[in-house]
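**Q** Using the sequences and the accompanying hints, generate a full structural model.
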Amino acid sequence: MDLNFSAEDVAFRDDVRAFIRDEYPVELHGKIDEGEELSKEDFLKWHRVLAKKGWIAPAWPTQYGGTGWTSVQRYIWSEETASADAIRLMPFGLSMVGPVIYTFGTAEQKAAHLPGILSGDVWWCQGYSEPGAGSDLASLRTKAERFTGEDGKEYYRVNGQKTWTTMAQHADWGFFLVRTNAEVKAQEGISFLLIDMKTPGITVRPIITLGGEHEVNEVWLEDVIVPVENRIYEENKGWTCAKFLLAHERTGIAGVAASKRGVERIKSVARAEQDGGQPLLKNPFFKRKIAELEVDLAALEFTELRTLAGESSGKGPGPESSLLKIKGTEIQQRLTELALEAAGHYGAPYFRSFGEGDNESAIGPDYSRRVAPTYFNMRKTSIYGGSNEIQRNIIAKMVLGL
Amino acid sequence: MDFNLTDEQTMLKDTVQRYLADTYSFDTRMKAVHSGKGWNPAVWKAFAEELGILGAPFAEAHGGLGGGAVENMIVMEEIGRAMVLEPYLSTVVIGGGALKAVGGAIADAVIPEIIAGNVIIAFAYAEPQGRYHLHDLVTSARKEGAGWVLNGHKSVVTSAPYATHLLVTARTSGAQRDAGGISLFLIPASLAGISRRDYATVDGGAASEVYFENVVMGAEHLLGSVDAGLPVIEQIVDEATAAVCAEACGLLRVLQATTLDYARQRKQFGKAIGDFQVIQHRIVDMFLEVEQAVSITLMATLKLDTADRSAAVSMAKAKVGKAAKFVGQNAVQIHGGIGISNELSVGHYFKRSTLVEALFGSVDHHFDRYERIAID
Chain R
39 MDLNFSAEDV AFRDDVRAFI RDEYPVELHG KIDEGEELSK EDFLKWHRVL
89 AKKGWIAPAW PTQYGGTGWT SVQRYIWSEE TASADAIRLM PFGLSMVGPV
139 IYTFGTAEQK AAHLPGILSG DVWWCQGYSE PGAGSDLASL RTKAERFTGE
189 DGKEYYRVNG QKTWTTMAQH ADWGFFLVRT NAEVKAQEGI SFLLIDMKTP
239 GITVRPIITL GGEHEVNEVW LEDVIVPVEN RIYEENKGWT CAKFLLAHER
289 TGIAGVAASK RGVERIKSVA RAEQDGGQPL LKNPFFKRKI AELEVDLAAL
339 EFTELRTLAG ESSGKGPGPE SSLLKIKGTE IQQRLTELAL EAAGHYGAPY
389 FRSFGEGDNE SAIGPDYSRR VAPTYFNMRK TSIYGGSNEI QRNIIAKMVL
439 GL
Chain Z
24 MDFNLTDEQT MLKDTVQRYL ADTYSFDTRM KAVHSGKGWN PAVWKAFAEE
74 LGILGAPFAE AHGGLGGGAV ENMIVMEEIG RAMVLEPYLS TVVIGGGALK
124 AVGGAIADAV IPEIIAGNVI IAFAYAEPQG RYHLHDLVTS ARKEGAGWVL
174 NGHKSVVTSA PYATHLLVTA RTSGAQRDAG GISLFLIPAS LAGISRRDYA
224 TVDGGAASEV YFENVVMGAE HLLGSVDAGL PVIEQIVDEA TAAVCAEACG
274 LLRVLQATTL DYARQRKQFG KAIGDFQVIQ HRIVDMFLEV EQAVSITLMA
324 TLKLDTADRS AAVSMAKAKV GKAAKFVGQN AVQIHGGIGI SNELSVGHYF
374 KRSTLVEALF GSVDHHFDRY ERIAID
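Top to bottom, those sequences are chains R and Z.
Position 258 of the first sequence, counted from 1, bears residue number 296 in the numbering used here, the numbering being contiguous throughout.
Position 305 of the second sequence, counted from 1, bears residue number 328 in the numbering used here, the numbering being contiguous throughout.
Everything labelled a hint here was simulated from the structure, so no lab data went into it.
Treat the hints loosely; a few may be bogus.
As a list, the in silico DSSO-like pairs of lysine-lysine whose alpha-carbon atoms are at most 30 Å apart [as the list claims (entries may be wrong)]:
| id | chain 1 | residue 1 | chain 2 | residue 2 |
| --- | --- | --- | --- | --- |
| 1 | Z | K345 | R | K325 |
| 2 | Z | K294 | R | K223 |
| 3 | R | K305 | R | K281 |
| 4 | R | K236 | R | K83 |
Pulled from the structure, derived: some chain Z residues nowhere near chain R, Cβ distances all over 12 Å [to be verified]:
| id | residue |
| --- | --- |
| 5 | N63 |
| 6 | P64 |
| 7 | H85 |
| 8 | L88 |
| 9 | A139 |
| 10 | Q258 |
Quick reminder that beta carbons are idealized off the backbone N, C-alpha and C, glycines included.
**A** Quick look at the structure:
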């Protein structure tokens, strides 16, 4: 056992640092720390820089455009990007549908879709949840009926409603779970379809969340015609792709590096905030909460490292990744609680003035500008990607055998 | 021992509850939020004229109903239940409380105007450096002739955009964090030299940063004695804190009840999610928190006129603050995605209860205060 990075890893880390320092778009500096809402263009700026360098998809196999990094190097990469306050790329193409396509797709599907994911030219969204299918995802009802078109080709006619579709307002394509057989057990009648979001019959409607953000949407599908070639893997075997993708979604969901950055940020806020004539960081109650976060974060970090070590010795991410999701999201949420607490009275002002757009400057200190909306918004993390209750069920069943 | 409400108190509760149930729906409230004003003046007029509740804690000699802290608790719990935006807390509980505490000609003059709905008071006490320490004051009032000259900046003054009067804490002598040398003033919001930056708060209310620049105040604006304002300020803030706990009880009761309803209706895996034991126990824990919050709020309210006042209020606020976080977060969690959308009321109750958690002191602040007072 060895806690230290090898000389190669240290050299790699220095390369990564230099690259981020020199190439990270200047105009994006500070956007994460300030909790700003990011535009499509913000995401794409950083995406294009990484695509050009060939570092856009570290987790992918090299033959599809991966970097060939070891799991330790990938870990270093995520640490360094987070501590540099780099924006996190949208996962829908790179971490979700991309791996599904190169794992389950045909040669034609790989050729058609992987390049656009890597370049950032195609923005993807995820059509999973439905109003009646949240935690119980397999109960989804969006229906895809197969028919032969006048051109003699095979198509699906898709009808239904998806919800909580993140960033669908920007999406060019979406990957959807649809029901192709209602006669069998729920999981056995689902197919995985790629749908061009410009297809007639698709309506995207915004859902505004507690902090006033527009991140998620309802997606309505009405007689949407999809060529059968857009189905990934076999008909009625979509659940296999979905399970693969859900396990994939959970690795990296621990967000250790970003949370470390968050702790440092709160410490600097607590040095600036006054409490009874001394810095808030000197308040023993507040200080203890920071200490508890750091302790829990260290435990999470080494749990993630153990998982990574397991992966590099050939074990894929297993149900243990549910642990990372639960503890990672709890820490992320506690960070936002503490940031709100640190802001004191200045947690209350809303950054949007009455009616017209953002308040041009913060009401209180800059760091207080979005603490409350961020706290509200981050409640989503224990709900999305399989709620933390569902993650506990997975551990109970798959790990403990209960 | 008797925890029953009197007939008059029961009538007050029923009156407010019925009025709000009939006229103050969630949609109506959101209209006021989106009006750009953060309140609805017509509701205030109805409180004064139709319901007569603005006189609840005032003496009959002033035209009030002859009540006190329990009456404020009753009204504030209903205000929480309906998420009322209008400024009962700052005007009646705090402004009225200060006037009752100092008495005299100014009380005789202003209390009837509060009861009539003509005077709306905003409490300008917080400062950027002060956090929850009431005596950490940079705002100063300098003696000049018979009156005073006020300078300073007050933070997040709730209801200031539409208040007729400001209740201001200021240093009249001593150093920034001295307990002595603090005075309390009640001034018209229109005095020359007062400027504001108005904004909405995350819970849909309205507040301002208030700046005083050489504001000339007459001697008649001083409430109580010069330099000896802190005991009065602590008293009215304790009374306000107890009232905020009562508001929280109303908010939490709705959060818990709404969540229970949802758990009964929402079906996943072929049954109501309320059939899962993990959800049942969570809602049971929410219920336990709410009941304890109600109990400790009652305890603090009944001790407001005793020597245990400060310890009791800090106990209550610490307990209620913890309850607010637990109940609010779990209400959202059990609702799942729609708990985070702006469409349902549950998210708005969560936002309000989040602000209430920090109002007049966080959980840590009140544990600390309780330890200092009560544990040697």
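**Q** Now look at each hint and say whether the structure bears it out.
**A** Against the structure, the hints:
1. A threshold of 30 Å between alpha carbons decides the hint, and for K345/Z with K325/R the separation of about 18 Å falls inside it, so the pair holds.
2. Of the pairs offered as hints, the one joining K294/Z and K223/R holds, with about 16 Å between alpha carbons and a cut-off of 30 Å not exceeded.
3. Distance hint between K305/R and K281/R is unfulfilled; the C-alpha atoms sit about 39 Å from each other, more than 30 Å.
4. Pair hint K236/R plus K83/R holds up; C-alpha atoms about 24 Å apart against a cutoff of 30 Å.
5. Against chain R, the non-interface label of N63/Z holds: every CB pair exceeds 12 Å, the least being about 15 Å.
6. Look at P64/Z: its CB is around 16 Å from the nearest CB on chain R, clear of 12 Å, so calling it non-interface holds up.
7. For H85/Z, the requirement that its beta carbon stay farther than 12 Å from each beta carbon of chain R is met, with the minimum near 32 Å.
8. Remark: the non-interface label on L88/Z is consistent with the geometry, its nearest Cβ contact in chain R lying 31 Å away (cut-off 12 Å).
9. Residue placement check: A139/Z keeps its beta carbon more than 12 Å from all beta carbons of chain R (closest about 28 Å).
10. No Cβ of chain R approaches the Cβ of Q258/Z within 12 Å, the least distance being about 21 Å, so the stated non-interface status holds.
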